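Go ahead and model the full structure; you've got the sequences and the hints to work with.
2 protein chains.
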Amino acid sequence: MTRHPVLIGGHWRPAHATASFNAENPALGERLPDEYPISDWADCDEALAAATAAAAVLRAEGPEKRAAFLDAFAARIEARAEELVDMAHAETGLPRKPRLAEVELPRTVGQLRQGAAAARDLSWALPTIDTKLNIRSVLAPIGPVWVFGPNNFPFAFNSVAGGDFVAAIAAGNPVIAKANTSHPGTTRLLAEEAFKALVETGLPPSTVQLIYRTSHADGERLVADPRTGATGYTGSRHAGLKLKAAADAAGKPIYLELSAVNPVLILPGALAERGAALVDEFVTSSLMGTGQFCTSPSLVLLVASDATEQFVAGVKARFEAASPAPLLSSSVARSLASSVATLQDAGARLVTGGTTVAEPGYRFRNTMLIASGEQFLASPERLQTEAFGNAALLVVARDTDELCAVVERLEGSLTGCLYTDTRGSDDTLHDRIEPALRARVGRLLNDKMPTGVAVTAAMNHGGPYPSTGHPGFTAVGIPASLRRFAMLQCYDQVRPDRLPLALRDAPPHDRVWRLVDGEWRRGPVGGA
Amino acid sequence: MTRHPVLIGGHWRPAHATASFNAENPALGERLPDEYPISDWADCDEALAAATAAAAVLRAEGPEKRAAFLDAFAARIEARAEELVDMAHAETGLPRKPRLAEVELPRTVGQLRQGAAAARDLSWALPTIDTKLNIRSVLAPIGPVWVFGPNNFPFAFNSVAGGDFVAAIAAGNPVIAKANTSHPGTTRLLAEEAFKALVETGLPPSTVQLIYRTSHADGERLVADPRTGATGYTGSRHAGLKLKAAADAAGKPIYLELSAVNPVLILPGALAERGAALVDEFVTSSLMGTGQFCTSPSLVLLVASDATEQFVAGVKARFEAASPAPLLSSSVARSLASSVATLQDAGARLVTGGTTVAEPGYRFRNTMLIASGEQFLASPERLQTEAFGNAALLVVARDTDELCAVVERLEGSLTGCLYTDTRGSDDTLHDRIEPALRARVGRLLNDKMPTGVAVTAAMNHGGPYPSTGHPGFTAVGIPASLRRFAMLQCYDQVRPDRLPLALRDAPPHDRVWRLVDGEWRRGPVGGA
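Respectively, the protein sequence lines represent chains A and B.
Its first residue numbered 1, the first sequence is counted upward by one per residue in this note's numbering.
Its first residue numbered 529, the second sequence is counted upward by one per residue in this note's numbering.
Hint data in this document are derived by calculation from the structure and do not stem from the laboratory.
Predicted, not measured: the structure shown is a model, and the values here were computed from it.
Any given hint could turn out to be false.
What the hints assert, rightly or not - Partial list, derived from the structure: chain A residues whose beta carbon lies under 8 Å from chain B:
#	residue
1	99
2	442
3	457
4	466
To be verified - Derived DSS-like pairs (lysine-lysine); straight-line CA-CA distance at most 25 Å:
#	chain 1	residue 1	chain 2	residue 2
5	A	65	A	196
6	B	770	A	242
7	B	724	B	593
8	A	132	B	976
9	B	724	A	448
10	B	844	B	976
11	A	448	A	316
Glycine included, C-beta positions come from ideal geometry on N, C-alpha and C.
The structure is reproduced here in structure tokens:
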């Protein structure tokens, strides 16, 4: 058994730690042998000091080196893909294929390369020039960024390779990664490759640092530290809100992706028109990844009818027929059981599932609960408890008025889906519901389930509180995700040779889009 | 004596109030006769309910009506300019001319018209389209916005006509204005014109509402209310941080402009080259508006030398020769005296001023304090106490190393100025200092004082905490200021006729800039 070192200040060295933890193989329910340290404040402090120095160097460098780093890191991940997939499979129970090897790993390297392209392009920073007044502004690096990655995407949201990491680095900031406790080995392998890519490309060695775990108190301290620029956090609402309170009190930006029930509204006409197909669509999306997606549809809103009873029966049959895959960890299994109990306490009736499955590993029966619209309106908060995993709550409203009332009580979510028929019979109800739903979700879908988050500039993987901490930002989608880790810097009569490259009359290349006197354009301005 | 009504739900009606307050004429030190109510929660609650209904109507309307409203309001302000200037002069002591009539009022109507143009143009919302995946996103209204205006700009930052008001309305949100206590009459006249312009242009009558004052507890409650979309606050750090804590805990965006000392660094070469001119520039900027600007330069950093002693002597002479104008209110005068005392307690030596001036009105002698670099480094926090008004602290560093150390201890400010000589002798020191200063200020200036905030797209009137609550946003500068009062809304496979106008294949007009498949362009997309 090895206790693994941390990566701080450009060195893999033993942690300042008094305790350690082990990952587990959730598919087998077994502890994995490797030990990972729980760092104390000395590690955090040293990482912050090193990141501060690295931030100054990064700011002075042009974007080329950090882009080259992201590209080199992507290539290294591909070269070590097999080992990475094996490790992530062991630590998360997620299938090697297609999920890890063919979907998530390619997405991860794709994000790294998109980040590299965005860094080189410079347009992400919205360079803005007023030529008459000689006032210019641009988004610039914010300083050391802490990234807390979630348990459910060991590659694509990994604190040392995923979306927040890419956005922070591409925007010009060093990252201090806090590994997710459920896949420290995967994070370690990724950090090894990141570090080698740093050395290769000549970035400061403290541009990427890794700590596996800290105490809760140190977590709250580090997001609020004066040297911290910002924090990206994806994880549980409970832990996230504690970090948010600490960061907010210190005036430090923190971008959170917390919990979401992702309501799916199936209007009566759609159900009448294609009920069986909708059972299939819903079950596929709901059980995908054992329901452990941020955008998993865990709340379905329906109006009482025979077709609705058939839908419920159809989902029940499919849930019972599908054998549940392992959950990501013992703590996910515990939390899922507890959330299902909360939903039941709040009045939801268990239709199927609700108990753990015998070994091997941490598995929970595919679970469906049902509640009436009246019950929902009596306990809207508790009946929106996120049951992270393979569980869904169906709320059946008495009539369309009650359905509208239910929508008005929805909390902020990442996504919301509206299914309507193709002949227009749902249109009036759609138009009544849409404004209330629209204001409560970051991404609105028509006739489509919410799982599957395309990495495109037009994506919003965000939404109103409590799904995130601010409804104006997205965690997925380049270039917008970079803008979270930036501060706005204005230059007023600053001498030409002191301006950052993107704001000079002649930009460093002709691809950068700039808002010049109210027009987006490329190329030089003025006489340049 | 009249107790004035509030404007809630489309009616001027008596407030639910148990107490009232009067404005004062600070130039005379006299209480003004009109009484204004201190609303209780019933008024806030009713205003929120009415704003929620108005928000739904505004979202459904296109941008044309709100643009027409902003234009009509601007014209009405111009038509009533004389009365507005008289009232603002009486309530603030600011000169009728040029300040109120020729500078601030034109700026205010200019902002309203820029907001109207931005609303019509739609480009502010960064419409983004991925044609291949049919995913589209745009910034959209966030919901009812509370605006708390400051005391120092009775027009241009007024809660019912100023920059935050314009930004919130142009982005499509209703505003509930909380008048600044020091100019309720000016705010009332502006609200009268806003209300008439609303009626004229057919917007919901609750699009603009006005409350004069609430208890502190109700203030904290209203920013956190579930119906609130966001809050814009400009004012004291103490009150602002209480509102921030309440809004943050509820996950409600709040944009704050708090305090700033706006450091001015005059490097040795510049002082040797043009010391006398710099005395003039600094004194003019420092005493402008009796030092009551958010961007007033109240901290000057210098290196010890004969030229520095001459600069100090020059400023002292000029401060003593200029007769102090009235401060905005008795509370500004009290707070200024208290801040000067805090600076003295922290070791600063009073060079001139430091006491009130005999009547009429609330005046304070032009005040200069001086501290050594060593003293600053011993008490950096207390020596950055904002002394809002006609007072400045000069910090004289022993040498350039100490100057750099002082810069490293600066808090976040709206602006930072670097003066260097024209022959290059300051360049090495400039390059050493610039990165540390750049990271600490929203707007960096060369060889220019910070007062004078141009309303341009390239402006940043913002900065790192504690000058604001988030370093990525600006309160001045259209279109960026609109983006604070918006949420990101993504449309994934949404049927074409259900898309907002700005995201349809054929946009409503050809002026709107859209990011289509990575390129900023105008005009239709696809086959449209």
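query = Of the numbered hints stated previously, which ones are contradicted by the structure, given in increasing order?
reply = 1 and 9
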